[in-house]
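Novice: According to the UniProt record's numbering, the sequence shown is numbered sequentially starting from 1.
In short, the hints are calculated from the structure, not lab data.
Model, not experiment: these values are computed from the prediction.
Hints should not be assumed to be uniformly reliable.
Distance condition first, Cα-Cα at most 20 Å in a straight line; then the derived EDC-like pairs of lysine to aspartate or glutamate [as the list claims (entries may be wrong)]:
#1 K249 - E304
#2 K97 - E304
#3 K104 - E130
#4 K85 - E130
#5 K117 - E41
#6 K85 - E152
#7 K105 - D334
#8 K311 - D243
#9 K71 - E304
#10 K104 - D402
#11 K97 - E128
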Amino acid sequence: MSSHDEYSSDEEDLFDESQKSDVFLGFVDAPITEEEVPTIEDTFIGGQPIWLHPQSQPNEKSLTCDNCNKKMALLLQAFAPMDGKLYDRVIYIFGCKDTRQCSKKKGSIKAIRGIVKDQETIDKIKKETEALQAKQLDEKLKADNQKKLNIELTKDLFGKKEESSNPFGGGSNPFDNKNDNPFAAGSTSPFGANPFGAKAEEEPKKKPESYAKIASKNEPKKAPKKKTVSDLPSYKGSFVYVDTEKFKKATNDPELEKYKHLIDMDVNKDDDSESVGASRRGSSSVLDPQTSKISNMLDDKYFEAFSNTVKHNPGQVLRYNLGGKPLLYNGKDDVAKKFLSQQPANIPQPAYNPSSERQYELQLMPKAIMDLEEINTNTVQISDILNGMSWGTIIVATDKEDYMPEQEFDENHVAYIEEWCGVQWEESV
1 MSSHDEYSSD EEDLFDESQK SDVFLGFVDA PITEEEVPTI EDTFIGGQPI WLHPQSQPNE
61 KSLTCDNCNK KMALLLQAFA PMDGKLYDRV IYIFGCKDTR QCSKKKGSIK AIRGIVKDQE
121 TIDKIKKETE ALQAKQLDEK LKADNQKKLN IELTKDLFGK KEESSNPFGG GSNPFDNKND
181 NPFAAGSTSP FGANPFGAKA EEEPKKKPES YAKIASKNEP KKAPKKKTVS DLPSYKGSFV
241 YVDTEKFKKA TNDPELEKYK HLIDMDVNKD DDSESVGASR RGSSSVLDPQ TSKISNMLDD
301 KYFEAFSNTV KHNPGQVLRY NLGGKPLLYN GKDDVAKKFL SQQPANIPQP AYNPSSERQY
361 ELQLMPKAIM DLEEINTNTV QISDILNGMS WGTIIVATDK EDYMPEQEFD ENHVAYIEEW
421 CGVQWEESV
């Protein structure tokens, strides 16, 4: 389901505009075909990776499973430019396809950050930035001028009755009011004010729309200069469309109304009652092992919050919120503990930049498994699920400074480096 289906204009009244979110969501939009191929400015799942230069690839170890030593397949390629940076930036997630042998093992899923700092890219971004700033300034000047014009046209509509009706007297003199003189200071004339003067500088900066301008406004796909050749195994490829997260009105969905307290709750707080937890543990301990594992998963407030948040946008395959918090699939594993134990999160510092720290950037959502493995919900077999990928979410955290060691750059001004990747796996049943 594409974002166009997810956020259909016919269903806009189903969403609660009062609930704001800093999260950007990705939805499967269209299949990758021989005619429609992605570029580095696209975000997509599956298929073959598009490198930042056809002759520049990550080192072989970064693309190889640490367990079986087989090449891994692309799960996600996310175009992730950063505001104010004069370079293109991409996040890749790769996973081992040998799920029987390598599932739930460290090193079977990896994340790579890549950047390109060639002069052509720098010049292109500079030009785009300058054009955007000029457009925003032009729109602001037009809006200001229109506002002043409206004030001039309406200011005398409700004037005092005792004012003189003499067309040449008092306030009715068209040349008596300085504000009506198109050549006076402060006039609405486009020549009366310097757009680069003090007033323009005093205006508060508009909060960026990003993740960098919603992934560069999901630009129409352009033919790559040269097709990247890759020998990696692959899943079905699909373009991903990015949009801001919206929440459905709880009153329109009895299930969401029922669990509204779980969506609004602060999941970082402990349960108010120890006796409740003891009661839950006692009731689950008498169950058989398989039922107990399922019960424990359902008895996890983080999993409940995850499920009920996803219900608002069930088609999401990607969540992006640089510097924010991930939506945890459970609150019990080592990945959860890293984000819950302290603030900022207890994520390993980047070895290549030890004075810095990492921050959450994005996560891949379980709906992506269905799209990557082409699982049809109408004909899904239990064997399809058991033999396929078994993660709940894949969380990627990147260096806050977005630093890249100079020695990593090659002759094409491209560099790749592995970033922290935390996988929350499905519980075995």
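Novice: Of the numbered hints stated earlier in the document, which are not met by this structure?
Specialist: Those not satisfied are hints 2, 3, 6, 9, 10 and 11.
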